[in-house]
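Sequences and hints are given; from them, build the entire structure.
There are 2 protein chains.
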Amino acid sequence: MKDVRSAEILCVGTELLLGDIINTNASYISRRLAALGIPVYRQAVVGDNPERMRQAIAESFSRSDCLILTGGLGPTCDDITKEMVSEYLGLELELNEEALERMKSYFSSTGRTMTKNNEKQAMSPRGARVLQNDWGTAPGFVIERDDKTAILLPGPPIELEPMWRERVEPYLFERSDSVIVSKNIYILGMGESAVEEKLHDMMMELTNPTVAPYAGNGECRVRVSARAKDAETASRMCDDLIAEIRKTEVGEFIYGIDVDSMENALVLSLREKGLTLACAESCTGGLIAKRITDISGSSQVFLGGCVTYACSAKEKLVGVSHETLEKYGAVSEQTAREMARGVRLALGADIGIATTGIAGPGGGTPEQPVGTVYIAVSTAEGEEVKLLTLSPKRSREFIRICAATNAMKLALNT
Amino acid sequence: MKDVRSAEILCVGTELLLGDIINTNASYISRRLAALGIPVYRQAVVGDNPERMRQAIAESFSRSDCLILTGGLGPTCDDITKEMVSEYLGLELELNEEALERMKSYFSSTGRTMTKNNEKQAMSPRGARVLQNDWGTAPGFVIERDDKTAILLPGPPIELEPMWRERVEPYLFERSDSVIVSKNIYILGMGESAVEEKLHDMMMELTNPTVAPYAGNGECRVRVSARAKDAETASRMCDDLIAEIRKTEVGEFIYGIDVDSMENALVLSLREKGLTLACAESCTGGLIAKRITDISGSSQVFLGGCVTYACSAKEKLVGVSHETLEKYGAVSEQTAREMARGVRLALGADIGIATTGIAGPGGGTPEQPVGTVYIAVSTAEGEEVKLLTLSPKRSREFIRICAATNAMKLALNT
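From first to last, the protein sequence lines are chains G and Z.
With this note's numbering as the guide, the letters of the first sequence map in order to residues 17 to 430.
With this note's numbering as the guide, the letters of the second sequence map in order to residues 17 to 430.
Please keep in mind that the hints were generated in silico from the structure rather than gathered at the bench.
Since we're looking at a predicted model, the values are computed, not measured.
Treat the hints loosely; a few may be bogus.
When chains are identical, the list treats them as one kind, so a pair holds in a single copy or across two.
[Claimed, not checked] Below 30 Å or equal to it, Euclidean Cα-Cα: the simulated DSSO-like pairs (lysine-lysine) are:
| hint | residue 1 | residue 2 |
| --- | --- | --- |
| 1 | K263 | K199 |
| 2 | K214 | K136 |
| 3 | K343 | K402 |
| 4 | K136 | K164 |
| 5 | K332 | K343 |
| 6 | K402 | K214 |
| 7 | K120 | K402 |
| 8 | K332 | K402 |
| 9 | K409 | K120 |
| 10 | K263 | K214 |
Here's what the structure looks like:
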């Protein structure tokens with residue numbers, strides 16, 4: 017069995033070309049392949065169109081020995097991925113009884129009745145390895161023909177991702193001769209081009225490990241990747257380089273390594289310290305609580321919070337004084353301070369954080385333009401308030417995300 | 017000037033091939049092109065690699081007369097999109113003073129100092145139309161050569177999307193000879209394959225307008241698209257078909273047309289009715305409040321809410337009685353009922369909604385498996401509670417999204 021040297025990803029679906037859905041499968045598969053040391057040279061999307069699918073399949077196989085296809089395995093009549101790949105590889109489709117049985121039992125287990133059109137999903141290219149789908153109805157397939165490998169997976173990410181982890185990776189592991197280990201350095205407070213300038217020489221000179229900065233949602237992430245025979249060696253190579261980066265001016269802005277996100281870094285740190293958190297949100301409107309509770313197990317450290325969107329809510333839920341709101345306004349250092357303290361006391365938490373500001377697009381004034389946000393943290397020792405002045409040109413979403421991330425950073429540093 | 021008959025999208029960036037970021041640009045551009053009646057036959061992603069970029073550019077132009085490229089216009093040395101396209105079209109790059117000045121003023125307006133490497137972004141292919149970037153530093157370009165058009169846009173969606181709306185569309189509008197109008201029917205409570213079966217004949221027989229169902233996050237959406245010379249005609253064609261669909265079994269599950277999302281449908285309806293809303297969230301942990309406040313102007317109808325994640329928070333913030341929690345537990349009809357009423361009274365809102373359940377992956381029991389969620393709505397007339405039993409195989413994220421969407425639906429129907 018030859019090793020997979022490179023792969024291409026072909027996502028099938030007119031809904032992708034119409035922009036009705038975002039292609040998260042390509043990024044998911046690419047990320048997992050990188051970890052296996054299998055480079056992806058091309059991602060492509062075509063519609064459920066026989067002619068264009070034929071062309072794309074042929075093109076991909078002309079460049080890569082492994083083609084991963086997603087989508088078009090479903091029950092509807094315009095799902096033709098399996099048919100097109102079988103045609104290209106010269107294989108016939110036959111009914112797979114086992115797959116059919118599994119599909120029937122899946123439907124009954126989810127209390128639904130299987131419609132006739134679903135049976136189409138149990139047709140299998142002759143000689144293909146069927147990848148059982150425990151998360152949906154359409155099974156996947158691995159087809160090996162000569163030196164070509166086609167891997168077919170269902171389109172819904174909720175099925176594709178577990179299928180990839182539990183069906184495809186065990187198969188690919190044997191076939192990969194080296195691994196890439198990547199570690200991510202999480203940075204808040206220094207922009208991408210500034211980070212890039214500080215690390216420019218490293219980026220230019222190094223080939224293994226490599227350094228690459230990425231920006232997003234007001235944060236910067238530096239990805240360090242090393243390739244080696246085994247994961248231990250590659251991991252050590254990354255650690256050594258990260259130690260170097262910590263010594264640069266970037267160092268002071270690093271808030272974690274492989275922490276995935278600020279919310280995850282915060283939950284991990286609170287769990288370590290044995291502290292509890294509560295939040296009072298105005299302009300972020302529940303985003304902080306949502307991001308923290310995205311993390312399974314956050315209930316150990318997160319007691320809850322208040323979304324005090326209206327002024328009345330600020331008084332009723334977290335006891336901001338009417339005078340403060342009258343005198344300083346809802347978007348003020350004083351209100352942020354009282355919100356953080358109020359929610360901490362209301363819930364008996366060790367730490368309270370708060371946000372109040374103008375997310376836009378409306379509501380800005382010359383004195384307080386869109387992007388003006390006060391964030392506060394409160395502990396038994398007292399309160400700390402910080403003013404963020406984000407560009408009014410930024411979107412409502414961006415301003416809310418930045419405000420939430422920075423507020424969590426305040427709690428992280430407590 | 018010839019009309020753009022079809023387009024391809026080429027997104028450039030090694031970070032896309034490594035799966036470090038999700039390609040939202042391809043879906044955004046595709047969606048906007050569809051509305052202009054310009055079909056997209058292919059989306060592709062390549063890395064910042066000269067050889068592979070050359071190949072991809074040549075391939076695309078062999079199929080389509082318009083190629084839209086995103087990314088690789090930035091300041092870093094591996095940003096080479098502009099260079100590769102200019103090479104293919106045989107154009108030289110020259111410094112664009114105007115673009116340079118704009119970039120300098122952008123930096124000062126956002127209070128940052130422009131690093132030297134940024135100047136690279138002001139280089140322009142000879143004869144190209146420069147697309148001013150008021151949302152970032154890198155300008156875009158439209159290059160017309162013979163019958164080929166290349167449109168280059170910066171990669172960050174926060175820059176690309178306004179650039180598309182305000183720079184590219186005015187340019188493309190003149191060039192399109194027909195429009196596609198699409199309308200989306202939002203459905204909750206009936207699955208995709210069931211919807212597809214009910215509408216199967218329409219899907220098969222109709223070519224203009226067309227019908228296509230999509231599933232996602234526990235909802236189903238049916239997209240109706242019509243092509244005509246003018247928007248009014250196409251719009252009327254869509255409306256007639258939607259009227260037909262309302263008469264089918266799907267009809268009763270429709271909650272809106274072009275409402276974008278359940279949260280938007282809810283905010284619009286509350287604004288119409290002049291009602292205010294408050295929410296108490298346990299398993300959704302702020303997701304409802306976050307989704308509602310994603311909508312600019314939601315402050316008119318949304319007063320705020322409580323994230324009562326811990327049991328103590330349920331008592332302290334929304335007055336769930338200790339006895340109820342003791343006797344029935346945090347995940348119970350009674351608790352959901354008291355949460356909805358409690359938050360409504362606490363904030364003096366017209367409507368209160370609540371969620372309490374087990375989002376998983378941990379926390380499930382034989383009696384209450386992961387996916388068990390109680391949702392409640394409270395008004396002056398009283399409370400209504402509904403039990404959702406989602407598949408324990410579903411992800412934490414999916415269960416939280418479904419719970420939030422269904423809770424908002426309860427409020428929408430009030």
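* Asked: What hints, given by number in increasing order, does this structure fail?
  -> Per hint list: zero violations.
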